[in-house]
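Colleague: Listed below are the residues making up each chain.
Number of protein chains: 2
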Amino acid sequence: MRADVPLAKAYLLINHGPVTLVSSRSGECSNVMAAAWAMPLDFDPPKVLVVIDRTTFTRELVDRSGEFALNVPPRRLAATVVAVGSTSGRDGDKWSRCGVGMLPASRIAAPLVAGCVAWLECRVLDERPTERRYDLFIAEVVAAAADDRVFSDGRWHFADEADKTLHYVAGGQFFATGEPLLAGQRS
Amino acid sequence: MRADVPLAKAYLLINHGPVTLVSSRSGECSNVMAAAWAMPLDFDPPKVLVVIDRTTFTRELVDRSGEFALNVPPRRLAATVVAVGSTSGRDGDKWSRCGVGMLPASRIAAPLVAGCVAWLECRVLDERPTERRYDLFIAEVVAAAADDRVFSDGRWHFADEADKTLHYVAGGQFFATGEPLLAGQRS
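Protein chains in written order, with the working numbering: chain H, 2 to 188; chain B, 2 to 188.
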């Protein structure tokens, strides 16, 4: 079940460095792409960074709308991550072509990706020089949610292998998120 | 054995989102801190992003020197990551206090962290507004190396559990890097 995550805990959804899917919409057009280069930038209010190449269709939609969602796919969607990461939304609707389902977001117009285990709804902050120079977007997280089978009370608890998040390497290669460990208390 | 990694492959050392240690030096002072918020920004020439809080001693050293290294610790250093992440170099030398060994870097003055499995030597690009506003540093990677027992020919090959890289959650909790999987070819 999709359950809201308090904004102050939103960073936990991507703190471990999982690959993400960036979903976006402008008017009638929506799209989804893969992004390994996304991370938290601040805790509360939560901010995130994501690199969105200037040649992508997603970039057009984000430039026009000022919004996107970061969706965190589980292992069972690995092939989908590769599919949406290796085709362009300019060549036809990726949602139907790649068999990706949409969910409505709560605070932004962009759709969320069905079957993901966490979702961060984001509004782009006005940092045009950084966008233009580095394709780097700085955004505020305005809503966050997770599948409460795998994340609740501020903690990940992967039971099923197929629910684990993914870490992207290159060329269709990933690592699944591995064994949890505790190494002393941070003060 | 520490072996050079070609600059065009340097992004692979942190593409999967591992936690990093940031090492720095200015004059006689050097320091090491933990940073989960680091990622690639570009392929070639390689660039990286890292968040370095304005209250840290590392920030002083990086502001003064314009250099730092990102070191990728393996699982056997998990307790060290927590130790250097929960104390300040202002309270005494962290290297000796936390039992962290130094290696000489090849292109920068900052020391590298011994026992890590990958190292990125970085020079800060002049993006002061981004640093001041977000504590976000944009840097070019000027040299890269890896322990060739776990990374060679552009591929990670973790054999030993203790060699696996780490993904930081919060409160001393990590995930080890998990099972590799291939999900089709990216074009």
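Please note that the accuracy of each hint is not assured.
If chains are identical, the list can't say which one is meant, so a pair holds when it fits in one copy or spans any two.
[As the list claims (entries may be wrong)] Straight-line Cα separation of at most 25 Å, SDA-like style, residue types lysine to any residue; simulated pairs: (1) Lys10 <-> Gly93; (2) Lys48 <-> Asp94; (3) Lys10 <-> Ala80; (4) Lys10 <-> Thr56; (5) Lys10 <-> Leu183; (6) Lys10 <-> Pro181; (7) Lys48 <-> Arg134; (8) Lys10 <-> Asp64; (9) Lys10 <-> Arg55; (10) Lys48 <-> Ala80; (11) Lys10 <-> Cys30; (12) Lys10 <-> Leu126; (13) Lys10 <-> Tyr135; (14) Lys48 <-> Glu132; (15) Lys10 <-> Asp92; (16) Lys10 <-> Gly100; (17) Lys10 <-> Arg108; (18) Lys10 <-> Gly172; (19) Lys10 <-> Asp94; (20) Lys48 <-> Pro130; (21) Lys48 <-> Ser87; (22) Lys10 <-> Gly67; (23) Lys10 <-> Asp148; (24) Lys10 <-> Ser27; (25) Lys48 <-> Arg129; (26) Lys10 <-> Glu141; (27) Lys48 <-> Glu141; (28) Lys10 <-> Ala84; (29) Lys48 <-> Glu180; (30) Lys48 <-> Val143.
Hints in this document: simulated from the structure, not taken from any laboratory.
Colleague: Using 25 Å as the alpha-carbon threshold, which applies to Lys10 and Gly67: within, between, both, or neither?
Modeller: within (23 Å within a copy, 32 Å between copies)
Colleague: 25 Å Cα cut-off: does Lys48 pair with Ala80 within a copy, between copies, both or neither?
Modeller: For Lys48 and Ala80, neither the intra-copy (28 Å) nor the inter-copy (28 Å) Cα distance is at most 25 Å.
Colleague: At most 25 Å between C-alpha atoms: does Lys10 with Arg108 qualify within a copy, between copies, both, or neither?
Modeller: within (17 Å within a copy, 39 Å between copies)
Colleague: Between copies, within a copy, both or neither: which fits Lys10 and Arg55 at Cα up to 25 Å?
Modeller: Cα proximity of Lys10 and Arg55: across copies only (22 Å, versus 30 Å in one copy).
Colleague: Please sort Lys48 with Val143 into within, between, both or neither, judging by C-alpha distance up to 25 Å.
Modeller: Within. Shortest intra-copy distance 9 Å satisfies the 25 Å Cα cut-off; inter-copy 28 Å does not.
Colleague: Are the CA atoms of Lys48 and Glu132 at most 25 Å apart within a copy, between copies, both, or neither?
Modeller: both (15 Å within a copy, 15 Å between copies)
Colleague: At most 25 Å between C-alpha atoms: does Lys10 with Glu141 qualify within a copy, between copies, both, or neither?
Modeller: within (13 Å within a copy, 31 Å between copies)
Colleague: Between Lys48 and Glu180, at a C-alpha cutoff of 25 Å, which is it: within one copy, between copies, both, or neither?
Modeller: Answer is neither: 27 Å inside a copy and 30 Å across each miss the 25 Å cutoff.
Colleague: Checking an output row: Lys48 and Arg134, CA cutoff 25 Å. Within, between, both or neither?
Modeller: Both, since 20 Å and 12 Å are each at most 25 Å.
Colleague: Is it within, between, both, or neither for Lys10 and Asp94, if the alpha carbons may be no more than 25 Å apart?
Modeller: neither (33 Å within a copy, 32 Å between copies)
Colleague: Within a copy, between copies, both or neither: where do Lys10 and Leu126 come within 25 Å Cα-Cα?
Modeller: within (20 Å within a copy, 31 Å between copies)
Colleague: Have a look at Lys10 and Ser27 and pick one of within, between, both or neither, based on CA distance no larger than 25 Å.
Modeller: neither (28 Å within a copy, 35 Å between copies)
Of the numbered hints listed earlier, those contradicted by the structure are 1, 2, 8, 10, 11, 15, 16, 19, 24, 29.
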